[in-house]
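Peer 1: Sequence:
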Amino acid sequence: MKLSKQNRKHHSAALELLTKDKLTWEEQQFFFDNYFECADFDVSKAGAFFTPSDLALDAALENGQTDKEIHVLDLCAGIGVLSWAVLTRCPNAKVTAVEQNPKWVEIGKKLLPEVNWICADLAELDLVELGYFDSVVTNPPFGRVPTLKSLKCPRYTGSEAHYKVLDIASVMAPSITAIIPQQSCSWAYSKKRSFSEQTSKQLDRFVSETGIQFGMNMGIDTSSYGSFKATNITVEVVCCEYESASWEDFGVGSNVLPFIKCDVAPKQTNVVPIADAPDIPSNNKRREQLAAGHQLDMFG
Numbered sequence: 000m001k002l003s004k005q006n007r008k009h010h011s012a013a014l015e016l017l018t019k020d021k022l023t024w025e026e027q028q029f030f031f032d033n034y035f036e037c038a039d040f041d042v043s044k045a046g047a048f049f050t051p052s053d054l055a056l057d058a059a060l061e062n063g064q065t066d067k068e069i070h071v072l073d074l075c076a077g078i079g080v081l082s083w084a085v086l087t088r089c090p091n092a093k094v095t096a097v098e099q100n101p102k103w104v105e106i107g108k109k110l111l112p113e114v115n116w117i118c119a120d121l122a123e124l125d126l127v128e129l130g131y132f133d134s135v136v137t138n139p140p141f142g143r144v145p146t147l148k149s150l151k152c153p154r155y156t157g158s159e160a161h162y163k164v165l166d167i168a169s170v171m172a173p174s175i176t177a178i179i180p181q182q183s184c185s186w187a188y189s190k191k192r193s194f195s196e197q198t199s200k201q202l203d204r205f206v207s208e209t210g211i212q213f214g215m216n217m218g219i220d221t222s223s224y225g226s227f228k229a230t231n232i233t234v235e236v237v238c239c240e241y242e243s244a245s246w247e248d249f250g251v252g253s254n255v256l257p258f259i260k261c262d263v264a265p266k267q268t269n270v271v272p273i274a275d276a277p278d279i280p281s282n283n284k285r286r287e288q289l290a291a292g293h294q295l296d297m298f299g
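Positions 0 to 299 (numbering that gives the first Met the number 0) are the ones given, in order, by the sequence shown.
One or more hints might be untrue.
Straight-line Cα separation of at most 25 Å, SDA-like style, residue types lysine to any residue; simulated pairs [as the list claims (entries may be wrong)]:
| # | residue 1 | residue 2 |
| --- | --- | --- |
| 1 | K93 | E68 |
| 2 | K8 | K108 |
| 3 | K109 | K190 |
| 4 | K102 | D32 |
| 5 | K190 | T230 |
| 6 | K21 | E68 |
| 7 | K200 | P180 |
| 8 | K148 | Q212 |
| 9 | K93 | L17 |
| 10 | K67 | D53 |
These are computed hints drawn from the structure, not numbers from a lab.
Predicted, not measured: the structure shown is a model, and the values here were computed from it.
Please work from the sequences and hints to get the whole structure.
Peer 2: Have a look at this one:
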């Protein structure tokens, strides 16, 4: 994508910040807002569109706000804007970010050195060894993405990359906050006059195979925020509701999950195993978590 003269200027100013030893919170936000991922990469082919920083900050509220130590996994992290938003809301969180683009991981490590960055393809990463987390945040690749074509999932057998990532995430944590295309959601709220339900063959297949439902957020209209830089797509912030599961439920090493034990060594750095993984609740639908007090105190 060819940038305008002004956007190129902003992009260069953002890159200049990487020469500093440490960035302030405001400089981090400036970088997220002015770094154009489409300047050097064909993001449309990869279906990778970075979340606007203001949207990321509000989406992170769905994950709670607390000073407690929690373990959060950021899947398909890009340069880490969702990780940054989580750390803004939960400063003592232990965040692990997985991203396959080495350049974006390099940038992410400079922006957020406190995050445990893993440079790896999801199809090659040993997800069982990675462990369980308190929650997952993700803005996954949208649509049918060639780089994730070989990615196998616990239940979902379709081709939509964002559905694949959500199916995997549901086995790694009892809570998922995700940003997905509005057309792939079971409801529409953003850029609409009112809330409405919707469906599609692809969505019906995903729900039927995984049991994952898309819960409404706190009232986030994504059209009210800064726009994505390389696409005009409308998205929704979804709070996934699903029954708990573990890798053992699907047979580790079986044909169901061929990616769990792989022969290809993933490219990763500073991998820190999660020592004290949270217990997996017997039923982790979001409304039941709220009723049981499992969800973090929004104002804690």
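Peer 1: Hints first: check each against the structure and report whether it holds.
Peer 2: Each hint, compared with the structure:
1. The straight-line distance between the Cα atoms of K93 and E68 is roughly 7 Å, inside the 25 Å bound, and the hint therefore holds.
2. In summary, the hint linking K8 to K108 is supported, as the alpha carbons are separated by about 23 Å, within the 25 Å threshold.
3. Taking the CA atoms of K109 and K190, the gap is about 35 Å. The hint is violated against a cut of 25 Å.
4. Restraint check for K102 and D32: the C-alpha separation of about 18 Å stays at or below 25 Å, so the hint holds.
5. As the CA atoms of K190 and T230 are separated by approximately 15 Å, the hinted pair is consistent with the 25 Å bound.
6. Restraint check: the Cα-Cα separation between K21 and E68 comes to about 23 Å, which is no more than 25 Å; the hinted pair holds.
7. For a cut-off of 25 Å, the pair hint linking K200 to P180 stands: about 15 Å separates their Cα positions.
8. The hinted pair formed by K148 and Q212 meets the criterion: a straight-line CA distance of about 23 Å does not exceed 25 Å.
9. Distance restraint check for K93 and L17: the Cα-Cα separation of roughly 23 Å lies within the 25 Å cut-off, and the hinted pair is therefore satisfied.
10. With a CA separation close to 23 Å, the supplied pair K67 and D53 stays within the 25 Å bound.
Of the hints listed earlier, the one the structure fails to meet is number 3.
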